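Novice: Read off the chains here:
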Amino acid sequence: MSNCSCYSAFLSFAGVSCNSVEKKIYVHLNYTVSCVRLLNATHQIGCQSSLSGNVGVLHVLESEENLDWVLHSGPNPPYMVILESPLFTRSVMMKLKNGSGRVAGVAVVAPNTNPAEGFSPHTTCPNENTGVYSETYEPTMANCNMTVWNPLGNGLSYEEFDFPIFSLKDDNDTQVIRQCYLDHNRAGNGSTPQYPLCAMQLYSHMSAVTDTATCMRRNAINFSLNPEMVCDPLGDQNVWASTRPLNNTAKGHKMWESVVIAAARLDSRSFFFDIAPGAQSGVSGFVTLLAAAHALRNATQEAQPNRTILYTFFQGETFDYIGSSRMVYDMENKQFVVDLDNVHSVLEIGQVGLRADSKLWLHTDPVSRRNESVNKEVEDLIGNLRSAATGLNVTVDVPGFSQPLPPSSFQRFLRARPIPGVVLEDHQSAYTNKFYESMYDNAENLNVSYPPNLTPEEQLEYITDTARVATMVARALYRQAGGEESQLSSIKADPQIVTKMLYSFLVRSNNSWFQQLGNVISFLTGFVCVVHHDFCCLQLVLNRNCTIRIFACSTHFPPPCDSSHLVPQMYNYMWVQGAAPPNSTEREGYCVRSTARLSKALSPAFDLEQYTSKNFSTWTESRWKFIKGRIFLVASHELEMLTLGVGVGVLLSSLLVTYIISSKADILFSSGREPTNATY
Amino acid sequence: MNLERLPNEEKLSLCRKYYLGGFAFLPFLWLVNVVWFFREAFVKPAYTEQLQIKTYVKRSALGLLLWVAVLTTWITIFQHFRAEWGEVGDYLSFTIPLGIP
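Just so you know, the protein sequences line up as chains V and B, in that order. According to this note's numbering, the first sequence is numbered sequentially starting from 1. According to this note's numbering, the second sequence is numbered sequentially starting from 1001.
Check the hints yourself; a few may be wrong.
[Stated by the list, open to error] Below, a sample of chain V positions facing chain B; criterion: calculated Cβ distance under 10 Å:
# : residue
1 : R37
2 : R186
3 : N189
4 : S191
5 : T192
6 : Q194
7 : Y195
8 : A213
9 : K628
[To be verified] Partial list, derived from the structure: chain V residues whose beta carbon lies under 7 Å from chain B:
#  : residue
10 : M94
11 : K97
12 : V209
13 : T210
14 : N219
15 : N222
16 : M229
No wet-lab data here; the hints were simulated from the structure. Source: prediction; values computed, not measured. Positions of the beta carbon are idealized from the N, C-alpha and C atoms, including for glycine.
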């Protein structure tokens, strides 16, 4: 601790700076991103450190054979292993996991460019237990028996480690760590390294343990002396909007309402906490759908199609379909504006960012298509998509063989009833995404790049995508909703909007376009909010988890929002910060009216308190106190014991000396010759 | 309080109070009784009340041993098996450790 804080003010007058002892010993890590513990009905996954942090001697791993030093031959266990990214593989991590006490922790150095061969810490068969294919619904297609969707998946995200795993950026701070290792810890020419050695301490103690039922029970106990929350259910909010306003206060079945659901997924994840760029797995899909909604804003106002289009953006799909299972549950229980009888068909936009040869694939469910009427509707939808793609330099096709649906939110709708639907993807069979649900699924994965020497504002405007897919989706949705052919040619997605959205979600969210909506705090994913923008389509509302709003259409109101003729059950009204006009610095805000709303995306298992449910997602995330790390030099154990021994010896000897002196005090401290009877 | 300065009747009454108090689930009173009155009961030369004090000290020691045995057994069992008892273990605990089962 700083033991000269009292003197610092005094000394600073004298021109002397104050040096705290702690700063001389420890170098704190600035960028601390670690993996955290997640629990579900049966397991716990992720990492855990001890309460006082895990301390280990640094070792930069050179190759997989070098693991022998860490696991068997190194003389100073436990070791804190620094891994460069080519070594962050399943085999290395599994060997470290079985290190039985010699491994104190792992720090992975994240490279600045993506690895060439691909890396996906997710499982090979995402969400296999909560989709539609199961023992009762076509067991030949369950558990990826027919198609392995994520062949590069190594399942690391779903393993349990009892040491902390942190991620380091490849920058100057990491170079300091490498230099410390080279200076002190390097065993040269077969000699063992001498103390003092460079060590690192990582703190990421997680409070929850065992499984969701245990941690929810411990949350609820208020008999204990210090009640503490140990975990939180994963969940946030879905965003939905409709082309025609729906009465939000009247939940349940709406007569004469036939709805086409256009769905996309918002979230993604990676091995580490709060890093989830999800460019191909999430952003490509919802940006396309948002651009399509923007393209349809005029056509659905002026020449309204028969059916309403319901744009839905689901949150939490990575973790066993939290958002879509909740929406289907609400629809079944009359808690949503429409119910499943109102749903005519579903079009889901999956991963559409990596189109080889501009080819897109339409996936359907072969089991529900065995029914003639469902099959006819699916064929109609496929026909609409094909005809919408003509003239746009985009080809769509069906996979051509009987294949189950890829993991998608549409599967949860199929679990409830056989609805006709299509999932739009850019892969015919297995994923083309080599970095599914990893920290490398970023702008580089989507080939979104900018010429050098552009300012952030210029990068915002630089067109990186031609928005053809969004135009195709918009036209197909319009036809599917029963719109007229004549209007189709006027429906065009704006590449400017698409490019701004891609920049804002993948590169930098704190830009002028987003700032027109409101205070931009931070986004960039995880199962956290995403920001949408465009006065006609998106709005950022900030609360603890930052939520999104999408406006399907908007009309300006003069501020203040005149509340006399507001119709809150049909529309949603919101204040937008707006831009500053050219010759002033004050932003001109205004009210926007839209049909976009939020709906809760919490797994029904938590409302029903079925924490061991097999039907719904039961994922929770543990809480923790702090996550930090620091490096310092450690002395040998013998030196520490010697110092302690010397201290104890000094204490005992001083007690002994004090006792001896006090018992002989009258001899030692005679104050001269005292006359016994002092009479004068 | 210095026992030297008390008359013997008061020593006896004090010992009896501690002995009776220990029956209210207060084994610590018995421990104090044993430690405090040990010298009075067994080391000092005999006086009239010493026999009574001796019985009280002996019985306090017996009760103390019983309590120690029971508590040690229960604490050992609880610390060992709390994690396996799951729900019951959590409901019996005042403080549940974080991060370990």
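Novice: Against each hint, give a clear statement of whether it holds in the structure.
Specialist: Status of each hint after checking the structure:
Of the supplied interface hints, the one on V/R37 holds, with its beta-carbon coming within about 8 Å of a beta-carbon of chain B, less than 10 Å. Interface hint at V/R186: violated, since its Cβ lies 35 Å from the closest Cβ of chain B, which is beyond the 10 Å cut-off. The interface hint given for V/N189 is broken, as the beta carbon of that residue sits about 43 Å from the closest beta carbon of chain B, more than 10 Å. For the restraint placing V/S191 at the interface with chain B, the shortest Cβ-Cβ distance is roughly 39 Å, beyond the 10 Å limit, so the hint is violated.
For V/T192, the interface hint is violated, since its Cβ never comes within 10 Å of a Cβ in chain B; the closest pair sits about 34 Å apart. At a threshold of 10 Å, the smallest CB-CB gap from V/Q194 to chain B is about 35 Å, leaving the interface hint violated. The interface hint given for V/Y195 is violated, since its Cβ lies 31 Å from the closest Cβ of chain B, which is over the 10 Å cut-off. Annotation: interface hint on V/A213 holds; nearest CB of chain B at approximately 9 Å, less than 10 Å.
At about 16 Å, the closest approach between the beta carbon of V/K628 and any beta carbon in chain B exceeds 10 Å, and the interface hint on this residue is violated. Given the 7 Å rule on beta carbons, the hint for V/M94 is violated: about 23 Å separates it from the nearest Cβ of chain B. Because the beta carbon of V/K97 sits about 18 Å from the nearest beta carbon in chain B, more than 7 Å, this interface hint is broken. Checking V/V209 against chain B by beta carbon gives a least distance of about 5 Å; that is within 7 Å, so the hint holds.
With a least beta-carbon distance of about 6 Å to chain B, the hint placing V/T210 at the interface is held under the 7 Å criterion. Restraint check, V/N219 versus chain B: the minimum CB separation of about 11 Å is more than 7 Å; hint violated. Annotation: V/N222 was flagged as interfacial toward chain B, and the flag is violated, the nearest CB pair being 11 Å apart, outside 7 Å. A least Cβ separation of about 11 Å between V/M229 and chain B goes past the 7 Å threshold, and the interface hint is therefore violated.
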